[in-house]
Amino acid sequence: MSLRKFTQSVDGTIPIQALMYNDEELISTQDGVGIYDGLQKSPDHPSGTVHVTNQRLFYIDATKRASRSFFLELSRVSRTDYYAGLFTSSSKVTLHLSTENSAPEEPSQSGFKSWECEVCAYRNPPGLSPSASRICGLCGVPRSLPVTISSSNVPSEVPQSTLASASTSALSQRSRKPSAIACPACTFLNHPSMQTCEICSTTLPKAVGVSTHIEAKSAPATRPTTPGPDDDDSESKMLKLSFRRGGDKPFYTALKRSLKGQAWGVAHPNNGNEGVRSGICECMFSSLTLHSNRFLLKAGIMQVVETNAQHRDTNMSNALQDLEALMVKAKDMVRLAAELNERLTASSTTTANNPYSSSLSVLSSTSTEPEEATFIRSSLSQLGLQMENTPVTLDMMKDEREWMEQLARELANVLQGSEKGTPSIGGMMKERGIIALDEVWGGWNRARGVALIPPSTFLQVIPHLAVFTTPTITSRTLNSGLAVLHTPPYSRAAFAARICGLLALAGPKSTTEIAQEEGMTIGLTTEMLNIVEEDGDVCRDDGQSVIQENKGDILVLGEVDWWANLFSGYTWDGQE
Amino acid sequence: MALSTHTTTTDFLLPSIHSAPPFFTQQLHPASLSIATEQWIQLILKYARHRRLFTIKVEDSEAPGNNWDEVLRNERINRKVLPSYLTYILAQMVSKKLAVYEPPKQDRSVLIYWRLPEEWAEVLHDWVSSTGNLNTIMTFYEITDPPIASPLSGLPIPLLRQAIAILSRSNRAQIIAIAEGEGVRFFPSTGKA
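The listed protein sequences derive, respectively, from chains B and L.
Its first residue numbered 1, the first sequence is counted upward by one per residue in the UniProt record's numbering.
Its first residue numbered 1, the second sequence is counted upward by one per residue in the UniProt record's numbering.
In isolation and in its complexed conformation, chain L is listed as follows:
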């Protein structure tokens, strides 16, 4: 049976292995399992970046009607990922530091790092500099929901905090308490040292 790639309605190119029924089963053979899981992680990260999705939950595999339907289900071959297998995949992602449990201390929902927090920090600083907001105090809302769409639109607050924390470590940002809650002031980079 020849397997082929498939382009979804959201213009995402699914890999050919997504058309193979064994891909949706948690394999017992360790080598097969690690390869399959690797492919799953890659698929989830790429799809999340394509759709700008930041979280994935185990519930997403239990019932249709959410953002992940195209990946976690394949109606063409009548297969879906079982929640138990998705739980295993998420655990693997967390252990590889490609995701983090959000909220913490549970294993059914993760925040996906399709960009690592360090990458997000750079993206954030670049955006602030390009929009001329250096040295001004900005609220979290102004960053995640700007009037003009930006690479940071819809960024979850926990991820934003991590990025700011990374920037403040290199003295490029500072958390300031303001009347509405918290604000942040960015500083120009000092020679990237």
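Extracted from the complex, chain B is given alone in its bound form:
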């Protein structure tokens, strides 16, 4: 009957996702569905789950999944009817089937085999639906039948394969298992969908697989033992789905949609006509016709590859030419720079007796300056830059001594402000009488900006500083090793005298108060006071000696108060 004629058995224990082709999608699922074979209830399919995909309709039996399940290709459905149901009669969907539409000669199994396109040699992956696997996934050329491949494309293999099939025929016949192809080289039993051996990559004898398949086709396992009367009336060409547990409406709409979509026909070539090509194929080989032989097609691909390579070649050579042109230009630039240099040197001789640059007179009074210095100076003045802010560099100087002196002069300007310049700028020591050496070094180099002074040079410059500064700035190293630059009021004796006077006048003071008074940092003040204490001019009152930390005014624990020295000259005035 129609059920046996149009459906193919499937193992329902496998999940539906695994049963589907790669390009197949599940659209709807409904359980509690019975099957009518024609007008009669099919006794073997009372209840099960029906899945509709965009290509097929699966019936998975609820009780005997392995033996009673089947699928139906939707391409065979010509028409559908819907019956809403009445009282105890459940709603039904009738599928009218037709034989004429498609009767695929190819076995459905071919979809599960990987195959190689004889045109572009692309190895098509297995698992595609029969319609999709009929054309190459890459170039869209329809696939010729497997038999013709083995005979025409690789004729050299023919004797080998027949030989192999002959040698393994006994084995294959004994095992009677189409799922194993013995490798002619290593005898490994490969899966029938393999074309080469999984172990040694030897080409497997396809003949064996084909022959077993043909056998299977001639007597398939699903073929019933007793075929029913094969009448060709309309009844036998229909199948009914009885929805015993509802869900019929959404399922029917899904089925209609699936049938309308005709996914099986999208990439399906017309029967007997190989002219249908994919879009990519058309644009790539628009000048070629597929009806000409496939060797021409092959040549077309090669041509495209060659054109691409040629394009790349041209691009590369263009880029190289640009690079060369750039190098030529660079030579020009260098020449231009040299010319500019010469012109500036020439103009500097005129600026030497030009009265407007007063700052120049300090250094350019001697006409024996090195050429580089002249160049730098002149170019800077040409550009309108003030010479006052220009850092002194070694190449401007004649010898080491002058270099040091010029540096000292520059440093003096940084510290005390320029004598000649605008007084508003001020130096680092304008407000402060004492300053740490590291701060000076950092400040000086920031002021220079270029040609920074290393610490060693800086230390060499310091002794020269006294000559160029008013008041005299000298350096001093405190107990902790901290070096400072200071003006005369911050020398050892002067500072001690000042502190003693302060303490005598205003009473004891804490370090913080003295630091505030002197405008120094607390750390520096502590250092300075320690030196004063060393001289015995002051004595300390450690805050740790207090009985109560918060008696009266707030006392900071650990803070040292400084007193004028009470002890020197003290005589006992207590009880005798």
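Since no wrong hints were added, every one of them can be taken at face value.
Pairwise CB distance ranges, derived in the manner of DEER restraints:
1. L:Y141 with B:T512: 57 to 63 Å
2. L:L28 with B:A447: 35 to 41 Å
3. B:R401 with L:P30: 43 to 49 Å
4. B:W572 with L:P147: 36 to 42 Å
Just so you have them, the derived chain L footprint on chain B, three or more residues with Cβ under 8 Å:
5. 561 to 567
6. 570 to 576
Pairs of lysine to aspartate or glutamate residues, derived as EDC-like cross-links and limited to a Cα-Cα distance of at most 20 Å, are as follows:
7. B:K430 with B:E410
8. B:K256 with B:E25
9. L:K46 with B:E576
10. L:K46 with B:D573
11. L:K57 with L:E70
12. B:K240 with B:D61
Hints were generated in silico from the structure; no laboratory data involved.
Even glycine gets a Cβ: it sits at the ideal position worked out from N, Cα and C.
Following the hints, position chain L against chain B.
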């Protein structure tokens, strides 16, 4: 700030420097430190004699409520001597032989020699002669805790031993073992030679 002397509740006249906060701090400058320490030693000796105190401990500076509060603390200026400074002062006293560590081999407690052991020996012999106890055997207890208060009342036993030892060197005393422990017999001085 004018510093002034102060009379304590025990009728002791504190020196003016005791009102100066730096006096309570261990000075870093060596000269200042030696002067301050000198004043401290003098203060401790004089106060000990005033109160007849024989020992001073570092603990006395750590917490109030002992005999030395008036000296080691000055509530009026909110200052106290730190234990570290007192330890230094005691060490200086021991090195100047004005005190001795008692018990020995530690540095937190001293026996103060506000009279030197030689002076104590004379005081002891004078007292024995004046009370007519020469040539009689006396226990240590009879000397340090007599019924009538004497200059020797409360004298620590170690100091007493030292005084007796000095006397016995000039044959004016002799240690005798008796039933209750130790006794001492004094002899009249023989021309002080």
